[in-house]
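Peer 1: Sequence:
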Amino acid sequence: LRIRRILRLQMEFVASVSHELRTPLSVIGSAADNLAEGVVRSDRGVREYGALIRSECRRLSGLVEQTLRFAAGKADYRSRNMQFIQVSGIVDRTLAEAAAVIGASGFTVEKQIDPDLPMIRVDPTVLSECLGNLVSNALKYGGEKRWFAIRAAAVETGRGSGVRITVQDHG
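Position one of the sequence shown corresponds to residue 10 (the working numbering), numbered consecutively onward.
Derived from the structure by calculation, the hints contain no laboratory data.
Do not take every clue at face value.
Stated by the list, open to error - In the DMTMM-like style, the derived pairs of lysine to aspartate or glutamate whose C-alpha atoms are separated by at most 25 angstroms in a straight line are: (1) Lys149 - Glu74; (2) Lys154 - Asp101; (3) Lys120 - Glu138; (4) Lys120 - Glu165; (5) Lys120 - Glu153; (6) Lys149 - Asp42; (7) Lys149 - Asp178; (8) Lys154 - Glu57; (9) Lys154 - Asp178.
Work out the full structure: start from the sequences and follow the hints.
Peer 2: Written out as structure tokens, the structure reads:
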């Protein structure tokens with residue numbers, strides 16, 4: 010019974026990873042096909058497609074790294090790289106990394122970051138990965154309106170001030 014449960018969990022893990030890897034691979038493949046077949050000819054279009062391919066390659070690399078860390082048993086939520094940071098920088102970096110996909114997909118992004126957010130203690134890499142996953146999901150499942158919002162607001166946590174980050178879409 011335990012072996013069956015482990016095998017089922019392994020199959021679910023493989024299916025989940027495969028699903029997550031397909032999206033950037035599809036985008037990269039489509040963009041490369043359009044470039045190779047001459048569909049995109051203007052210098053601006055070539056640059057946009059190049060930025061899209063670069064962005065998706067980085068996302069794919071990040072997914073592979075996350076998967077390898079998890080598979081190696083290193084997906085430890087007690088992060089060792091805790092730092093005090095401003096959330097706005099992580100949000101801006103996440104949106105910049107997704108800018109090519111956002112533009113190519115025709116999405117509108119509404120960003121609302123409270124100006125007086127407290128510094129938070131977090132692993133910036135882990136937070137960036139989490140936000141990247143949420144933005145990616147908004148782009149995949151955001152619906153026909155092609156809109157999503159990312160917001161950060163100060164909250165009281167019972168142990169002091171914190172920050173709530175939300176990603177909202179119409180999907």
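Peer 1: Look at each hint and say if it fits the structure.
Peer 2: Outcome of the hint check:
| no. | hint | in the structure |
| --- | --- | --- |
| 1 | Lys149 - Glu74 | 21 angstroms, holds |
| 2 | Lys154 - Asp101 | 22 angstroms, holds |
| 3 | Lys120 - Glu138 | 18 angstroms, holds |
| 4 | Lys120 - Glu165 | 21 angstroms, holds |
| 5 | Lys120 - Glu153 | 19 angstroms, holds |
| 6 | Lys149 - Asp42 | 21 angstroms, holds |
| 7 | Lys149 - Asp178 | 10 angstroms, holds |
| 8 | Lys154 - Glu57 | 22 angstroms, holds |
| 9 | Lys154 - Asp178 | 9 angstroms, holds |
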